[in-house]
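Chains A and B are the protein sequences, given in the same order. Per our numbering, the very first residue in the first sequence carries number 10; after that it's consecutive. Per our numbering, the very first residue in the second sequence carries number 10; after that it's consecutive.
Treat the hints with caution; some may be incorrect.
Copies of one chain are not kept apart here, so a pair can be met inside one copy or by any two copies together.
DMTMM-like cross-link-like pairs, simulated, lysine to aspartate or glutamate; straight-line CA separation at most 20 Å [what the hints assert, rightly or not]:
(1) Lys-91 <-> Asp-186
(2) Lys-69 <-> Asp-125
(3) Lys-69 <-> Asp-166
(4) Lys-38 <-> Glu-197
(5) Lys-208 <-> Asp-84
(6) Lys-69 <-> Glu-95
(7) Lys-61 <-> Asp-39
Calculated from the structure, these hints are not laboratory results.
This is what each chain is made of:
2 protein chains.
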Amino acid sequence: MHNITNVGMEYDVLRENNNIAHENYHMLKDHNIVSVDFMGSIGAGKTALIIKIAEKLRAKGVKVCAIAGDVTGVDDFTRMEKSGMEAVNCNTGKECHLDANMVHKTLHNVDLNSIDVLFIENVGNLVCPADFPLGTDYRVVVISTTEGDDMVRKHPDIFIHSDVAILNKIDIADAVDVDPEVIVRDYEKLTGGNKKMLKISVKKEIGIDEVIAALNL
Amino acid sequence: MHNITNVGMEYDVLRENNNIAHENYHMLKDHNIVSVDFMGSIGAGKTALIIKIAEKLRAKGVKVCAIAGDVTGVDDFTRMEKSGMEAVNCNTGKECHLDANMVHKTLHNVDLNSIDVLFIENVGNLVCPADFPLGTDYRVVVISTTEGDDMVRKHPDIFIHSDVAILNKIDIADAVDVDPEVIVRDYEKLTGGNKKMLKISVKKEIGIDEVIAALNL
Numbered sequence: 010m011h012n013i014t015n016v017g018m019e020y021d022v023l024r025e026n027n028n029i030a031h032e033n034y035h036m037l038k039d040h041n042i043v044s045v046d047f048m049g050s051i052g053a054g055k056t057a058l059i060i061k062i063a064e065k066l067r068a069k070g071v072k073v074c075a076i077a078g079d080v081t082g083v084d085d086f087t088r089m090e091k092s093g094m095e096a097v098n099c100n101t102g103k104e105c106h107l108d109a110n111m112v113h114k115t116l117h118n119v120d121l122n123s124i125d126v127l128f129i130e131n132v133g134n135l136v137c138p139a140d141f142p143l144g145t146d147y148r149v150v151v152i153s154t155t156e157g158d159d160m161v162r163k164h165p166d167i168f169i170h171s172d173v174a175i176l177n178k179i180d181i182a183d184a185v186d187v188d189p190e191v192i193v194r195d196y197e198k199l200t201g202g203n204k205k206m207l208k209i210s211v212k213k214e215i216g217i218d219e220v221i222a223a224l225n226l
Numbered sequence: 010m011h012n013i014t015n016v017g018m019e020y021d022v023l024r025e026n027n028n029i030a031h032e033n034y035h036m037l038k039d040h041n042i043v044s045v046d047f048m049g050s051i052g053a054g055k056t057a058l059i060i061k062i063a064e065k066l067r068a069k070g071v072k073v074c075a076i077a078g079d080v081t082g083v084d085d086f087t088r089m090e091k092s093g094m095e096a097v098n099c100n101t102g103k104e105c106h107l108d109a110n111m112v113h114k115t116l117h118n119v120d121l122n123s124i125d126v127l128f129i130e131n132v133g134n135l136v137c138p139a140d141f142p143l144g145t146d147y148r149v150v151v152i153s154t155t156e157g158d159d160m161v162r163k164h165p166d167i168f169i170h171s172d173v174a175i176l177n178k179i180d181i182a183d184a185v186d187v188d189p190e191v192i193v194r195d196y197e198k199l200t201g202g203n204k205k206m207l208k209i210s211v212k213k214e215i216g217i218d219e220v221i222a223a224l225n226l
């Protein structure tokens with residue numbers, strides 16, 4: 010969030026975002042689409058995870074599309090397309106997060122009648138996306154062991170606002186001197202012990218089915 | 010940057026930031042302090058790099074202090090203090106980046122008469138810090154191989170606004186399937202081939218002296 014003098018404007022921006030998120034939610038529900046917002050840090054493996062889940066869902070006959078959100082460029086979008094999945098690009102220009110209005114506009118480029126599941130990959134950032142719900146059924150936060158063991162302590166908001174929390178790259182935890190259990194404990198302490206953080210490795214295909222189950226896909 | 014309706018306000022915020030950055034610059038110059046803003050992604054190794062450089066400078070008799078910027082908590086600050094270096098904490102609360110005013114206020118907690126070098130560790134984020142100069146002599150961007158090979162393409166602004174660009178964790182590039190030369194080439198293309206990206210590993214102590222030389226420390 011930017012520190013603007015007129016605090017009222019911040020609330021106006023967030024309220025307007027939530028109004029449009031509400032519209033997005035009903036637009037997707039009217040088309041029986043299950044939607045997931047993947048938030049998380051840069052390089053946490055959001056794109057790779059989306060591609061992997063989409064592969065598994067396609068094998069079950071589920072029709073998936075993803076919106077690839079980034080500040081600029083088409084890297085994630087191109088990776089998704091090359092994997093054989095349907096994808097739409099959404100560049101924010103300067104913004105460090107997607108907002109409901111950007112997603113609303115992008116939804117006009119998605120054939121909502123032809124898909125069952127919509128994944129939205131947010132911009133790599135553990136701070137601001139937390140404040141901007143997009144109107145999805147689920148909000149997921151993805152971090153990876155390479156970021157250190159202090160991610161939950163440093164960014165509590167995004168973990169509190171997420172339905173599912175995922176720790177990726179557990180296969181290289183030793184190589185980067187990180188104990189995944191420290192992160193898991195911080196998360197359980199923050200969320201009152203009611204929710205489990207999913208420990209996965211997209212590269213080694215560990216825990217993907219647990220993510221799919223957690224999202225009821 | 011947040012997409013606020015009144016674009017004029019964005020410019021006002023940035024202009025006000027630059028005015029205060031100018032004050033910071035002169036305040037530091039009046040005390041003969043060399044200052045460096047370390048920007049970069051989450052988990053790129055900014056704290057570890059600052060600690061390592063500070064160790065080497067202290068061995069040469071240079072007096073160093075760091076401002077540890079984070080949204081919340083004291084993790085980086087505590088790591089710095091434990092390493093034996095002087096440090097001051099600066100929590101942004103909700104902001105995804107430091108701004109010149111936060112730094113200005115924090116400088117009141119630093120004994121400017123007793124230090125030669127000031128390091129400022131920005132919040133982990135490759136987007137917004139680019140827009141908010143803090144008044145330092147140098148702006149450095151730190152990324153790591155674990156974030157993928159597309160970081161320069163995805164976040165050109167911060168590389169353009171930095172004096173020195175550093176690629177950390179080159180020792181585990183193979184383990185994360187990333188070719189450092191792709192990143193280096195993107196950077197050289199973006200900056201017109203005039204600047205070299207420094208390839209380092211803080212953990213393996215590779216390239217630290219090159220960073221110190223690039224900052225004329």
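Comparing the hints with the structure gives:
Taking identical chains as interchangeable, the C-alpha atoms of Lys-91 and Asp-186 lie at most 20 Å apart only when they sit on different chains, with a minimum of 18 Å there against 33 Å within one chain. In the homo-oligomer, the alpha carbons of Lys-69 and Asp-125 lie at most 20 Å apart inside one protomer (12 Å), although the nearest pairing across protomers, at 63 Å, exceeds that limit. For the homomeric pair Lys-69 and Asp-166, neither the shortest alpha-carbon distance inside one copy (35 Å) nor that between copies (41 Å) is at most 20 Å. Taking the closest pair of Cα atoms, Lys-38 and Glu-197 never come within 20 Å of each other, the shortest separation being 31 Å inside a single copy and 46 Å across copies.
For the homomeric pair Lys-208 and Asp-84, neither the shortest alpha-carbon distance inside one copy (26 Å) nor that between copies (23 Å) is at most 20 Å. Within a single copy, Lys-69 and Glu-95 get their C-alpha atoms as close as 16 Å, which meets the 20 Å cut-off; across copies the closest is 57 Å, which misses it. Taking the shortest Cα distances, Lys-61 and Asp-39 never come within 20 Å of each other, neither inside one copy (27 Å) nor across copies (56 Å).
Hint compliance for this structure: hints 3, 4, 5, 7 are not met, and every other hint is.
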